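As a plain string of letters, each chain reads:
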Amino acid sequence: MTGYLARRLGQAVLILFGITVITFVLLYLLPADPARQIAGRSATAQTVENIRTQLGLNLPLWEQYWRYLTNLLQGNLGRSYLQKTEVSALIASRLPASLLLMAGAIVCELVIGLSMGVLAAVKRGKFTDNALMVLSFIGVSAPQFVIAILLLYVFAVQLGWFPIGGYGTFQHLVLPALTLGLLGAGWYARMMRSSMLDVLRADYIRTAQSKGISGAKVLFRHAIPNAILPIVAMIGIDIGMFMSGIVVVESVFGWPGIGQLAWQAIQRIDIPIIMGVTLVSAAAIVVGNLVADLVAPLIDPRIKLR
Amino acid sequence: MRNLLLNGVALATLLAAGIPATVLPAIAQDDFLAAKQGGSMIVTYKDDVSTLDPAIGYDWQNWSMIKSLFDGLMDYEPGTSTLTKDLAENYTISDDGLTYTFTLHKGVKFSNGRELTADDVKYSLERVTNPATQSPGAGFFGSIDGFAAMADGSATSLSGVTVVDPYTVAIKLSRPDATFLHVMAINFASVVPKEAVEEFGADFGKHPVGSGAFTLADWTLGQKLVFQRNPDYWKAGIPKLDTITFEIGQEPTVALLRLQSGEVDIPGDGIPPAQFLQVKDDPVYKPMIIEGGQLQTGYITINVNTPPLDKVEVRKAINMAINKARIVQIINGRALVANQPLPPSMPGYTKDYAGIPYDVEGAKKLLADAGVPDGFTTELYVYNVDPNPRIAQAIQQDLKAIGITAEIKALAQANVIEAGGAGTAPLVWSGGMGWIADFPDPSNFYGPILGCAGAGDGGWNWAKYCNEALDKDAVAADSMIDPAKAADREKAWSDIYMKVMDDAPWVPVFNEQRFTMKSDRIGGPDAIFVDPVHVPVNYDYVFAKDVQ
Amino acid sequence: MSAIAPDLGSPMAPARPVQARSVLARLLRRPQAVFGLVVIAIIALAAIAAPLVAPYDPQQQFFEGLTLEGAPLAPDGQFWFGTDLLGRDLLSRLIFGAQTSLVIGVVANGIAVFIGALVGITAGYFRGWIGTVLMRFTDLMMSFPALLLAIVLAAIFKPSLWIVALVIAMVNWVQVARILYTETRSLSEREFIEAERSLGAGSGLILWRHILPHLTSTIIVWATLGISTTVLLEATLSFLGIGVQPPTPSWGNIIFENQTYFTTAPWLVFIPGAAILLLSLAFNLLGDALRDILDPTQRGRGE
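Chains as they are written, first to last, in numbering that gives the first Met the number 0: chain A, 0 to 305; chain U, 0 to 547; chain X, 0 to 302.
The set of hints was computed from the structure by calculation and includes no laboratory data.
Wrong hints could be hidden among the right ones.
Said to hold, decoys possible - Taking lysine-lysine pairs in the DSSO-like style, the calculated list, with each CA pair at most 30 Å apart, reads:
{"id": "1", "chain 1": "U", "residue 1": "K45", "chain 2": "X", "residue 2": "K157"}
{"id": "2", "chain 1": "U", "residue 1": "K108", "chain 2": "U", "residue 2": "K121"}
{"id": "3", "chain 1": "U", "residue 1": "K363", "chain 2": "U", "residue 2": "K350"}
{"id": "4", "chain 1": "X", "residue 1": "K157", "chain 2": "U", "residue 2": "K399"}
{"id": "5", "chain 1": "X", "residue 1": "K157", "chain 2": "U", "residue 2": "K310"}
To be verified - A short list of chain U residues far from chain A (calculated; beta carbon distances all over 10 Å):
{"id": "6", "residue": "I237"}
{"id": "7", "residue": "D280"}
{"id": "8", "residue": "V359"}
{"id": "9", "residue": "F514"}
Since we're looking at a predicted model, the values are computed, not measured.
Cβ atoms here follow ideal geometry from the backbone N, Cα and C, with glycine treated the same way.
Looking at chain A on its own, in the form it has when it is part of the complex (with noise of 0.2 Å):
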């Protein structure tokens, strides 16, 4: 096991390093000059020269990125070109609150998706289960950015129920959460419908059964526990989804979140943060899939480590 461990990790720090290389190229390759949107309109040629050499602009692909990966491998992310501070600064300010956004997004699909599973698989072929297999199969197949406007429009706007937007209490997390858990509540539900299905199959539930214990103290006090456990221990691989929801859910509902700062910074070409926000997602994305990958075969003993 610590081998493994090791080896993995081994592989994740490999990984976020060839993660940097790839950022860092692309980036380079954007046709945008970073000194010319410092300096601004009003500049002239030798102010813009001056903050390109400044920033190292002009120095060759190769000594840029070493300057990058130095600087980074001593916590340095470097200073946003056009907000004016520590990178890590303004990602550290606005962490917590995506972080938050995927917690809550996390309980809406388990809440939303388990309880669809196990009614589904509880009702098995019945109208009830079909009807929330499509609904499962809708939550998947929705845009987020239309979930999330029509959310907002019909819970905020209208009905009133929720703020439009922003940020501070539970009820401002609640329709920016539910947009982002939706997609996942989907493949929730389908996964936990099978996973109820196996264990309603499984022997020591016949024998339950038939020792005559009731209906409902077999699925909750035996069914579901064991159908929940393969379906939670990959919940980190949830995160490379919601790394790529947050960009459009946090702009919707103005939510600020390192995807707000994501899509503003791509769109004026503020190279620092886009590779600092990327590498910390990567992070994240690595994080998450580790400690499924970990925690799986503890849980569920078929499932081998490779």
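Following the hints, complete the assembly by docking chains U and X onto the known chain A.
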């Protein structure tokens, strides 16, 4: 909506005798002077405030914030584009027009307690022109003696700025410059204390220390900033408000809805289009809207180096093909059709100029005359944030009607700027990046965007238009510093822009009006909510009605 | 990068080669698959016959399509779905938008499956250091936040229909690669492959005759399921303003252009939104049914 003609626009280039800052346009004098001090206000913005360092800040959000935190030698009367003295109690100009001597008010304090002196003025000017500061406004100070040496790094001090005594500073110019006093009023010329800058270094923008009406009390990155009244402000009676809270990350649609429910006072990004139509006729909200002009023009640049756009007939044809009224309709009537580069409220605007008329048949004929009767294919670059792609599509349709096929390239702002600067963009719709004057003087619309200096690689003159004769005329006009000749100077600039229209490197499309909505509980003269210089709002003169 | 792919991505047991007619028959017995097929057929027909079906030219900005103040019209007799913010007929733009969504969805996914197959099968068959390098690279790309990558790629190239498809493909190939890798690997470890190799059969032959046929099911399923993701991704990119260039209509960029009016003209957002949902749903249902049919032994899929 109350229309408010900008007061004293014609006086903009007049170097008026000092008018005390507490004297306001008569229209609202009683309101303001009688108002009690106290209360607070909430303003929302969508984008983050990048910095409050006056040498660097150049955004929509921080421009007026910086004006409230710092002072400069000159300023403008609130709500107008009339120059007035600020930190300078008085000034004199030498006979040759090259040396300006400013005497400072005594007893002006920075928020760290220290008194502001002439040394601080010199320090601030040197800081902004020093390449290490990376100031986007360094170029404005080009007429000060010794600027060139500062810019190329061979000097660390501005030879043209001399501290005569602790309250007197003399600035010598290398050439007569009629815009110099405007430059002394611009944010980049704000006075900063050396010890604070050295203490915070690159983070001075997050910990600003100035002599302005407000101080920064708190800043939660990405969420809000809180300004607090400066109790020791050297101008008596200002500001009236105790605190201003700026909430960041608010979508304009959301901000407006919050205004309607009484949660915020001013949506700083204005009224979004859909809601505009709703509120402008609503009896409850209509009185909250204030309309004012802006020193802004939206235009299409035509690259004069790219055939067949290099023919002036083709460019004129393009001018004639654009249905500007329809474009104004698309943005819900919130602009005036433009026929020349300058906006109407700018001195030097040519009032009775008819412009190039909308004439589709005439345009087709001109194209035929130019040798491209069947039209041609070209590209139209545009910033990909609404409503600009829509406006670009309207332009595209207009051009199609005369046979020109314009492929739209809707890109991120930085990419459009890059293409425009590199000269690879044949047509660019300037929306979202439309020129707003840095200061209310006609020369500001020429140099960077129509002059030869801006036509180089990377310059903002995306039409790459370079008319050396006009450049000479511009320099001549800017050396007319005699206040008695102000009208002549305006005429000189008017002629320059008329000649520009003859060459048609642009299609001037519209001049956007500014619409600010404010809640009922805050008051102040209307003009300060659509202030042409303290864009968008002049915070110093706002008061709260609920503490009266 | 994870050793466990989520349930819907786990490798299928290699099935017997596909027989088209029986598959179709079995598909038609499932109401969900029928629904998917019908929706796709309708949208595809609309896309192909767009110039005939659409009432107006989608690019034409009507003078009477906007109120005097520049507001869009609600659905009425002349414009059945109303107009957009430039006075263009929404229905016509929707119909032509189907072309964009469908073409990009299919093409992008096709390229993604092709790249994924190339990478996955090569890595799975040859293994060794090629396999390791390819799979590590796949893991790397999987750890990239997909949307961010797409946005950055889109910013590098001058946007156009094909560039958008390419960008989407470059983000979506990883899952296919991983699955085909696992399947190829398990297939090529079987004894009869070893036997063939020892008989001197070349790699190309083995791949073509013995491995590929068993992979067709997976490839078909992914060629279908993947379209739902690419359609969504195209819509999202257009919604962010970096999809196909105006004035080409795409359901996503219709929403992008008109979203500022969603409080007063919500149909401008929700009608195209529903279209996107339906198309993505249809491919999801179809792909899911195909997977059920082509591999009934897969864990957890039980009927």
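Checked hints:
1. U:K45 x X:K157: 28 Å, holds
2. U:K108 x U:K121: OK: K108 of chain U and K121 of chain U at ~16 Å, within 30 Å.
3. U:K363 x U:K350: Satisfied, since the Cα-Cα distance of roughly 28 Å is no more than 30 Å.
4. X:K157 x U:K399: Given pair K157 of chain X, K399 of chain U holds - Cα atoms ~22 Å apart, limit 30 Å.
5. X:K157 x U:K310: Roughly 27 Å between the alpha carbons, so the hint for K157 of chain X and K310 of chain U holds.
6. I237: Non-interface label on I237 of chain U holds, nearest chain A Cβ at 29 Å vs cutoff 10 Å.
7. D280: 20 Å, holds
8. V359: 34 Å, holds
9. F514: 21 Å, holds
Going through the hint list in order, the structure satisfies each hint without exception.
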